[in-house]
Amino acid sequence: MFRIIKKSLKIGVVTGQYRRAERSALPVSPEVKDKTKLFKRSLAIREVDTGSCNACEMEMNALLNPVYDAERFGIHIAASPRHADALVVTGPVTVNMERALKDVHKQTPDPKIVIALGDCAITCGMFKNSYAVTGPVERHIPVDIRISGCPPRPAEILEVLSELRKPTV
Amino acid sequence: MTEARPCDNLLKAAFPAIVQDDPVCGESSHFQVPKDLLPAITRYLHTQPNLRGRLTLIWACDHRPVRDTYGLHYLFTLEVSHHWVVLSIELAGNDRLFPSITPHVHAAKWYEREIRDMFGLIPEGHPDLRRLVRHEHWPKGTHPLRKDFPWDRVLGRQQGEHRFRRIEGEGVFEVPVGPIHAGIIESGHFRFSVAGEPIMQLELRHFWKHRGVEKLFEEQTLIGAVPLAERVSGDTTVGHSLAYCQAVEPLLDLQVPRRARYLRSLFLELERLYNHLGDIGAMCNDTAYALAHAHCGRMKERIMQLNDRLTGSRFLRDVLRVGGVTRDIENRQLADLVDELNRIQPDFSEVGAIIFANASLTDRLETTGILNGQTAWDHAVMGVVGRASGMDCDLRRDRPFAAYDELPVNVALYRYGDVRARLRVRGDEIHESIRLIREICSKIPDGPVANELSCSPNPGDWTLSAVEGWRGEILYMVMAGEGGRIHRCKVRDPSFVNWPAIQWAVPGNIIPDFPLINKSFNLSYAGNDL
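Line by line, the protein sequences are chains A and B.
Under the working numbering, the residue at position 88 of the first sequence is numbered 78, and the numbers go up by one with no gaps.
Heads up, the working numbering is the position in the second sequence plus 1293, with the first residue counted as 1.
Just so you know, these hints were derived from the structure itself, not from any lab.
Misleading hints may appear alongside valid ones.
No more than 25 angstroms apart at the CA atoms, straight line, and that leaves these computed lysine-lysine pairs for DSS-like [said to hold, decoys possible]: (1) A/Lys92 x A/Lys118; (2) B/Lys1440 x A/Lys118; (3) B/Lys1328 x B/Lys1305; (4) A/Lys23 x A/Lys156; (5) A/Lys96 x A/Lys25; (6) A/Lys118 x B/Lys1433.
Under 7 angstroms between C-beta atoms, here's a sample of chain A residues computed to sit facing chain B [what the hints assert, rightly or not]: (7) Val38; (8) Asp39; (9) Val94; (10) Phe117; (11) Val123.
Covered stretches of chain A, as calculated for chain B (at least 3 residues, CB under 8 angstroms) [what the hints assert, rightly or not]: (12) -1 to 11; (13) 43 to 52; (14) 126 to 137.
Remember, it's a predicted structure, so these values are computed and weren't measured experimentally.
Where is the CB? At the ideal position from N, CA and C, for every residue including glycine.
Please model the entire structure based on the sequences and the hints provided.
Structure, rendered in structure tokens:
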């Protein structure tokens, strides 16, 4: 017990110990901000992997570690699309995942926003035109926000997400 | 032709009909085998006590347009000498049948199904000929790795449903999970048959994320395909790109400078370090021990930020190239790196002490998800999972690559095969990696970090390369094509071998323990599905 407390005291607070994003990815448009008004100060995210190389998943996971701690901005991960306000989709949409993606989109209650995370989700990246890939996410479901990078750094993802959480004027 | 080895003589004495060919790379023997003899030879290789061949890879190759044949190649690693034996058969003309070796060599199961899907060659006598990579909605007769199949073809859709193995009886019900899971995980489907709490059977349904990687390689040049290799499995960026570079370099007759070989080992160990730290945290998290998860997440983030500072990429992307590495790391940076690790090691030791002193955590980890030694051997399981089940294999020691011939590695080995053993292997490997990085930083020689291309490859030449990534053995077979292009590239992530084995570690456990067992394997879906 004392060992645990001692360790925590020794380490102290690590939240925020990262380099801020150099550039804001793509600005969040006023229409999208309007859409998110209903979510107030919290945002429940469902992550869907439609064929990524898993680097984007790792960076999404990194958002929840003590250093980035996305929950301080009211962002948390929902276990089911039915509990989600936003879908974060990574990877080019593969032939095998196409139907699953559409199903998930249908199951997410309106209003919802869709975030395409990483170059693959936005343009298919290196996997463009492959027989097993059916096109970027926006070919199948409407996309509201695009966060580019291969993979985008957690700081960049966090900046866009916290931008969404700022109250609109 | 190199000198004959004892295993070559044994094989030739037992099967006079086989023909020895030039070795494909150092420490290997290559035989041309008559098709009908293949099951007998593989069985002999696999079971003979003084050979004990572990099936390491099976790949097929469409030789068109050069000649109208399909080649099938079987790679075995001999347990005693770590020597490689490659057996090759050829299917000429319209011959589409090859004998299945699965009835004798269990580990061949998925390879043969994969070849059937990708090439349309039928393994005769295979006990399970359901589709593997091509889901049932793919049209009939689509075999993407055949040379007459265009890489950018748009697939149609047909009706079809996968038949799962069913257990029927009173009180038995099925629990389908996936392909989209509750956490931030990749896509895959698991189907459990349960009666009450314990799982009776688990069946996997994967390949949701099949992106056609091997076909995309065939559209690339030999020196230009490193970025694609990096994206086979993002968390194993260095492992895959290193295995790819090592496969291509002998084809181009390129030597890698000594400093570059040391840097490659350094990057590989950094990758092992951050992944193992993350895994230990995630395993603790799956037992609801959030404190350890937070500490490990914090340390993993430190290593990833360190990667970023060293190379400009958190995943060490764009650091490797054919012939060396893309950028040098200054000795001053190496000193900083050692300083940082000197702080992380005691930090990790303290967290490790907290983890292993926790009785309720130990209770969840011990005897959960046991993969016994015999099952591990039958499935030719490797890497962290193998070493937790008594499979004493580590390529860094057994077939040294990069700078490991000058850096002796202590291999962590446990026998019990439960979740705790897999956690212990990771913990030991973290300390070993830190030790290796220190040694690399103290021994690294000065000099250039890359050699330039000098000659062009011979079309039809092929090589194999193997790298011990953080998950286990990564294998690449690269065959050169016309004009410096790739004719065929076979990628084998350790996940492809270890996934079927998880089906045998789960029965008898309860469903709430499955995420924990799955995490303790921590296999890549992307690397498996390709």
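Cross-check of the supplied hints:
no.	hint	verdict
1	A/Lys92 x A/Lys118	20 angstroms, holds
2	B/Lys1440 x A/Lys118	19 angstroms, holds
3	B/Lys1328 x B/Lys1305	16 angstroms, holds
4	A/Lys23 x A/Lys156	9 angstroms, holds
5	A/Lys96 x A/Lys25	17 angstroms, holds
6	A/Lys118 x B/Lys1433	24 angstroms, holds
7	Val38	6 angstroms, holds
8	Asp39	5 angstroms, holds
9	Val94	6 angstroms, holds
10	Phe117	5 angstroms, holds
11	Val123	6 angstroms, holds
12	-1 to 11	holds (count 4)
13	43 to 52	holds (count 10)
14	126 to 137	violated (count 0)
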